[in-house]
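Asks: Please model the entire structure based on the sequences and the hints provided.
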Amino acid sequence: MSNPVLVIGAGVAGMTAAVELADSGIKAILVERKETVGGNALDLYKAFPTDDCFYCFEGNRWRPGIRKCFYRSALIDQPNITLKMNSEIDEISGAPGQFKVKLTKGPEYIHPRKCTMCGLCLEKSKAFHLLSPQCQPQAVVFNPEKTDDGAKQAEEECPTKAINLNAQPVEETIQVSDIIIATGYHELQPINVDEYKYGKYPNIITQLELAKIIDPNSDSGGVLVRPSDGKPAKRVMMVQCVGSRDENYYPYCSKICCIFALKHASILTQERDDVRVSVVYMDIRTYERYERYYRRSRESGVEFLRGRVSLVQPREDDTLDITVYDSLLNKYLKFTVDLFVLSSALEPPEGMDKLIETLGIKSASGFVAAADPASEDEVVIGDHIYACGTALGPAEVPESVTQARAVVSKILQSRK
Amino acid sequence: MDDKKSAVLVCTCGKQLQLDYDFLDTQVKSLNLTSSATVHDSVCQDDGLEKISELLKASDGHLVIAACTNQKIQPRIDQYLASKGVDSSQIQYTNIREHSAWVHNDMTEASKKSLDMIRGTLARSAKSSKRTLEQKEIATHVTVIGGGIAGIESALSLSNLGYDVSLLEISEELGGHVKSLPVVAPTGKSGKEILSGRLEALQNDKNIVTMMKTKVKFITGEMGDFTVHYSSEDDMEKTLQTSAVVLATGYKEFKPISMEEYLYGKNPDVLTQFELSNMLSEGDLVRPSDGKPVNNVVMVQCVGSRDENYKKDCSKLCCTFAIDNSLEILKRNPDAQVTIVYMDIRVPFENEMIYKESREKGVDYIRGRVSMTWKQDGNTRVRIYDSLLDKYFETPVDLLVLSSAILPPDGTSELSETLGYALEDDGHVKELYGKLRRNETRRRGVVAVGGVTRPQFVFEAVTDAQAGTLIIHNELQGGKIETTSRGAVLDVEECVGCSLCAQQCPRGVPLMIEQTETEEADEEQKIVFKAAIDTLNCHACGVCQSLCPSGATQLNFLSNDQLWDQIAASLEDAGPDYPITLCFYCEECSVSTIDIVGTRKMEYPASTRLIPVPCAGRVSIIDILKAFEHGASTVMIASCETDRCHIGGTGNEIAQVQVDVARDILNAIGWDGNRVDMFRMFSAEPDRFTNAVNEMVKRANNLGPTPVHKGTAGKWMEVTE
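In the order they appear, the protein sequences are chains A and B.
In terms of my numbering, the first sequence has 72 at position 72, counting the first letter as 1, and numbering is strictly consecutive.
In terms of my numbering, the second sequence has 707 at position 707, counting the first letter as 1, and numbering is strictly consecutive.
Keep in mind that the hints were calculated from the coordinates and are not lab data.
Lysine-lysine pairs mimicking BS3-like chemistry, simulated, CA-CA at most 25 angstroms apart:
| no. | chain 1 | residue 1 | chain 2 | residue 2 |
| --- | --- | --- | --- | --- |
| 1 | A | 124 | B | 15 |
| 2 | B | 84 | A | 114 |
| 3 | B | 255 | B | 179 |
Looking from chain A toward chain B, a few residues come up when the C-beta cut is under 8 angstroms (computed):
| no. | residue |
| --- | --- |
| 4 | 255 |
| 5 | 286 |
| 6 | 288 |
| 7 | 328 |
Here the structure is a predicted model, which means the values were calculated and not measured.
Glycine residues also receive a C-beta, built at the ideal position from the N, C-alpha and C atoms.
Replies: In structure tokens form, the structure reads like this:
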């Protein structure tokens, strides 16, 4: 069978599935909604469990080595992989084994193979920018809303003629034998969780937003600053289970937020100057060896408060007064902090419900679920349909990678 | 080997790089090792690729490409050339964009540095040899150790991919821990139900030979040719040949005999969570001591887990197990009172909903600890500390259930002695790389799946087994291995049998082979064991090369001579007035960091010359001293982060040893040992490289020229403390 496999989502899970398929001689069509691969990982700076970069995935036969950065993943230059960026799946029809997939590929303003990132267009116009040094494809991106004369000039002068300002979306229909759902997760924007006042004051942020601030590639160069005025933040409070374990939002545990938060708490207390961190929690859930983050945080002086935040009040100087009910002391405590960080729930990404409905597959709290749960085969979610990574529910990078390999293993077995 | 001349292709990146191309063109053309020099505007585009193909044909494969990072363009070039049937294995790259033009404002300086790096690369290219595709056939047999869920799943999926499998189980029954689970969250199925389909498939599978009561004693050999020594029921030691090994030996539940507060082992009504599972699976729910009904149950979480005296980490599964069993108890006896004493309840994702269900059904949760257990009037009583109420209270129990820690199974450490995988601090099998390579072990051809790596839920163990199967399939390639011979090659004549390579290879590739047919007349001179390296199994890091005292083992794409010539040629500009910092960087995390520094245009001094090596562990003391011999003022090695070496985790530690010894040597000969240092980095923190390089340039300026600089030899002595 030479039919290709469709991989929806080019985060760590989707990328791993695609390169493993390609290595095994199976054509993979990797479809990504955004302008760069990498998904959430691209914004996450340091990864657990290894405390090195997040933007890293496995080497393969074509790029030997244990692991490679996204920028050197060569996804656009590998045999057997077709990468479709800015693309949305419109419709899936046909029978298992011969799915017909209609998709729309966004306008290709910049030809990914032609762009050399030489920098000429970046100097000519603000309409062009580099998403991240680690972006893949390694190409600048174009924002049509900012088109100006400089952009037109860049189009003419681009040394490799990589720019096409008049690019249009393209619709196409492909036939694939199998579908891998690797659509990842979305971090809940807790605007509706009233008690935390997220979205109302700039110094109330989510963990993902914190990750971006402390990334050395950020505007502040990795210094912890307050979004309100860019001044250093010294006092931080984190609150766990925002929108998770909560009947009003998501009843499930988002599984990785404790580790995520304590990773950040450790970085702040150990690698940034003079920052104090408190964490308000119900249960600290640092599974298996992740317990290390809990130990390390406690040792580095992170303060743990078991209870709930009951009141958030802004002050004139943009600091926040926070009242916490401490269930161990059975007391209300008051704190003044520069930054209030919400460990917000992981939720299914936009469009997941439609995908689940179209494919007629099972759902677990809005994520996709195993077709036959009793088989304990989590990655098989339908006939010729598989899933890996956080599409299956909250997962860490290593779990996503293992699931992606399991999917490819299953597909190879089905074709034997 | 004679030095070969190479064609040089210099890219201008669409005329956007601030380099003096006239200077480069003229200078490169004048170099001895240059056969032709071409300046091109876009090497990575179609006409550039054609040019590469043309130049390769004209120069017998010897080509130096000076352009942007080869991490980006090499895959494209390799693929293009492969499609044209042109060999690309001898192309050498040097990065004049991210490593030079983009990080130095002074065009003259950047051009000078670029020229030096091209000259150095030409020297490496002059002695390059062609790498060829080689084939090898191996048996399509895999041995799976352990007949629990992970082992069974591995055996079945390997068989599906066409492998013959021997499944070795130490006990007399398949199914491991899973077969005794009365209920498995979140589906509520019993362990037996989960196993039944698989056990049936196993029986009908002709590719799988299942051997019960079989204990693996030790394993010798290497990937493609392992020998498993085992004893079976009749206690005779036997062997079998196999190409790869799957470790699926599961876990062991901690027996908390030494924890006096629980009376485990002394009071029959005190049992572990798994012992309770067994009891429930068999249908009984009575007090083991006297067969009376069970009404009051207290469960204690984190027994031996999250405990500095026992297992420091969390065992992950015990909270879910306890809740599963609580619900099962309530199903059998709706009037039972189940209390769970915990520190934190840890139930991932939808298991939270089962936790909630248990609360609704009346399971009582107390945050605290059990501090004491005793017997009174034939009944067991416990004292519980409630940390939320800050109070102690006592209660009678029919069963005290200890959610005991999950530990690695017996024998894990013993088997590692011959099989060569590494262990975690907690005794489980250590993964090759925690983020991306969980199922691979340090030893090639040995994969670990399921509980032996870490506590895992049933579905996780199944996924693990599937992923492990893919890894084995990738390695064995259905028995017909076809791969480029790119790695270490051993010259047996030169081998002195020191075994350093075999001891230190991060992937356990070199084997020490007894020399049975040596012709040495003199017994004293006879070398009994010599190393053997299968280049096709090699990961090409060069650790063995940097350690080899006799130069017997060398990478076939980066020999000692190649690197030494490159060092000499790169340092031609060094002089008393121009102190140079030479940087060896690994082509894993370091090249990424340096490339990202370039992409972000973070400036650093141009008095730096960069030389790529596959792994920092490739750099030997001699290589470092050669750099000083040829005039470097300071030498730095850029490597991956501590314990994050790409190649088995130890290449950078070997490099650290080399640097430490080199520093001692410098101090001993009256130089300043601070002239050499090692720095660890990863691309998320690009300033790790700029800080390092600034420091070494500063040292170069402060310490001044070395005695070997032209014009200073014999006139100079460095003062050291």
